[in-house]
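Please model the complete structure; the sequences and the hints are all you need to start from.
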Amino acid sequence: MPTVTVALIKEHAQRVKPPRTLWVPFPFGFALGNPDDPPFQQKVLSAALGLLSENDVPVLAEFPEDADAPPVLLQASAAQAEAANRDGDPADEVTALRGYYERWVDEHEGRTMVGLSGVPQRQFRGLVRYLQAFAGGEDAAYDRAPEGVEPVRFLRLATDDLKAFFMEARFSQRPRDRDEELQRWFWSETAMGNLIAAVASRLTEQGEAQTANGIAR
Amino acid sequence: MPRLEDLPDLTRQGMLNFPAFDHDDAPCARMTRPLAEAKIALVTTAGLHLRDDTPFSGGDQTYRVIPSSTPASGIIQSHMSIGFDRTGIMRDVNVTFPIDRLSEMAERGEIGSVTGNYYSFMGAQRSPRRIEEETGPEVGRLLLEEGADAAFLTPT
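Sequence lines, in order, name chains A and B. Here the first sequence stands for residues 1 to 217, numbered as in the numbering used here. Here the second sequence stands for residues 218 to 373, numbered as in the numbering used here.
Keep in mind that the hints were calculated from the coordinates and are not lab data. Using N, Cα and C, we set each Cβ at its ideal position, and we do this for glycine too. The reader is advised that the hints may include incorrect statements.
[Unchecked claim] Covered stretches of chain B, going by a simulated chain A footprint (3 or more residues, C-beta under 8 Å):
no.: 1; segment: 240-254
no.: 2; segment: 267-277
no.: 3; segment: 283-296
no.: 4; segment: 353-363
no.: 5; segment: 367-373
[As the list claims (entries may be wrong)] Straight line, CA to CA, 20 Å or less: simulated EDC-like cross-link-like pairs of lysine to aspartate or glutamate:
no.: 6; chain 1: A; residue 1: 43; chain 2: A; residue 2: 54
no.: 7; chain 1: A; residue 1: 10; chain 2: B; residue 2: 223
no.: 8; chain 1: A; residue 1: 43; chain 2: A; residue 2: 68
no.: 9; chain 1: B; residue 1: 256; chain 2: A; residue 2: 54
no.: 10; chain 1: A; residue 1: 10; chain 2: B; residue 2: 242
no.: 11; chain 1: A; residue 1: 43; chain 2: A; residue 2: 89
no.: 12; chain 1: A; residue 1: 43; chain 2: B; residue 2: 327
no.: 13; chain 1: A; residue 1: 17; chain 2: B; residue 2: 350
no.: 14; chain 1: A; residue 1: 10; chain 2: B; residue 2: 239
no.: 15; chain 1: A; residue 1: 43; chain 2: B; residue 2: 321
no.: 16; chain 1: A; residue 1: 43; chain 2: B; residue 2: 317
no.: 17; chain 1: A; residue 1: 43; chain 2: B; residue 2: 324
no.: 18; chain 1: A; residue 1: 17; chain 2: B; residue 2: 324
no.: 19; chain 1: A; residue 1: 10; chain 2: B; residue 2: 324
no.: 20; chain 1: A; residue 1: 17; chain 2: B; residue 2: 349
no.: 21; chain 1: A; residue 1: 10; chain 2: B; residue 2: 222
no.: 22; chain 1: A; residue 1: 17; chain 2: B; residue 2: 239
no.: 23; chain 1: A; residue 1: 10; chain 2: B; residue 2: 226
no.: 24; chain 1: A; residue 1: 17; chain 2: B; residue 2: 241
This is the structure:
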């Protein structure tokens with residue numbers, strides 16, 4: 001069956017040699033360019049599908065336009081070095097952001113990336129208390145974790161749900177903020193960013209560096 | 218990017234040293250009908266799946282089925298690396314998995330149709346032997362059984 005692929009790293013496509021590749025100069029996570037920009041996405045898609053008729057393979061075409069997102073993702077350590085106002089209670093932040101989050105979901109036909117941990121967002125205050133206890137040195141498992149999910153794995157899923165909750169709330173609260181502004185806000189201005197970084201530190205201390213590095217670094 | 222020259226040294230070295238396959242050439246399967254008549258499949262390595270399906274874990278080489286009629290609200294991503302910015306996919310899953318764009322192309326007659334099922338794998342695989350030998354060919358067979366004429370592949 002003929003295939004065509006979008007590639008983000010040209011150097012990898014040159015080595016792997018898929019039959020038909022459209023290289024795009026976009027950041028990871030943005031394979032078709034810009035979110036909420038159907039015409040731009042369509043241009044990328046049409047350029048890729050157009051390569052299906054090429055039979056002198058491998059063919060590696062280049063998409064000529066850049067996307068909006070910056071190439072490098074701001075990480076927790078860089079943002080927190082700037083520090084700001086993050087001494088509050090992350091559970092209160094959850095409560096304050098809940099209306100914004102629910103508005104985001106309502107306005108997007110139920111679309112949300114929250115849901116991996118199996119904990120309903122209405123129980124996130126309790127989830128925060130559990131994470132605070134873990135970061136503070138306690139080892140009890142979360143009593144409402146889905147059956148069969150190991151505690152370390154649950155921490156990964158739970159912290160990811162909280163990040164998605166905060167980001168999607170922020171989309172609704174500050175619709176014009178993008179990429180770096182969102183990362184900077186989360187890691188340097190919220191107590192939740194601080195708590196998640198503390199969870200990652202505790203995991204590192206426990207020899208779970210791989211999971212920790214996927215949560216914050 | 219990722220133009221490698223735009224990346225910090227460490228990330229750039231990580232990309233250059235990534236254990237990608239080194240192939241000498243590429244197999245060529247040809248289209249047997251024009252794009253406007255072709256049935257197109259979508260396959261991604263973005264770690265997407267139905268909201269109720271089992272999340273992927275790192276290095277997971279199984280796949281998930283996503284019916285092409287799934288609304289964007291039914292799709293969630295369990296590839297959670299902090300190596301990429303997830304806010305784009307949170308805003309609009311089409312930025313990596315153009316499920317709506319392909320349906321629109323079919324409605325406009327620019328492609329013939331879409332397959333009933335799309336497929337998703339986990340990305341960032343350093344040793345994807347099981348995908349190469351087992352789960353990848355299995356998805357290929359499923360797509361052929363569905364009458365797919367071509368597949369469009371997207372990364373995270």
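Review point. Within a Cα-Cα threshold of 20 Å, do residue 43/A and residue 89/A meet the stated pairing?
Key: Roughly 45 Å separates the two Cα atoms, so the pair is violated.
Practice item. Assess, step by step, whether the Cα of residue 17/A is no farther than 20 Å from the Cα of residue 241/B, and give holds or violated. Key: Holds, because 8 Å separates the two Cα atoms, which is no more than 20 Å.
Point to revise | Proposed proximity, residue 68/A with residue 43/A (alpha carbon, max 20 Å) | key: Holds. Residue 43/A to residue 68/A sits at ~15 Å (cutoff 20 Å).
Check your understanding: Hey, residue 43/A versus residue 317/B, does the alpha-carbon distance stay inside 20 Å?
Key -> At roughly 14 Å apart (the allowed maximum being 20 Å), residue 317/B and residue 43/A satisfy the hint.
Review point. If you look at each residue in the segment 240-254 of chain B, do at least three have a Cβ nearer than 8 Å to any Cβ of chain A?
Key: As far as the segment 240-254 of chain B goes, the hint holds, because 10 residues have Cβ atoms under 8 Å from chain A.
Check your understanding: Is the Cα-Cα distance between residue 10/A and residue 324/B 20 Å or less?
Key -> violated, 32 Å
Exercise for review: Sort out whether residue 324/B lies within 20 Å of residue 17/A, counting only the CA atoms.
Suggested key: violated, 32 Å
Review point. Under a C-beta cut-off of less than 8 Å, do 3 or more residues of the segment 353-363 of chain B approach chain A closely enough to confirm the stated coverage?
Key: Holds: 3 residues of the segment 353-363 of chain B have a Cβ under 8 Å from chain A.
Check your understanding: Going straight from one Cα to the other, do residue 43/A and residue 321/B come out at no more than 20 Å?
Key -> holds, 13 Å
Check your understanding: Can the restraint linking residue 10/A and residue 223/B be considered satisfied, given a maximum Cα separation of 20 Å?
Key -> holds, 13 Å
**Study point:** Hinted pair residue 256/B and residue 54/A, Cα distance within 20 Å
**Key:** Holds - the C-alpha atoms of residue 54/A and residue 256/B are around 18 Å apart, at most 20 Å.
Point to revise | Agreement of residue 10/A and residue 222/B with the hint, judged by alpha carbon distance not exceeding 20 Å | key: holds, 12 Å
Figure legend: structure checked against the earlier numbered hints; hints not met, in rising order: 11, 18 and 19.
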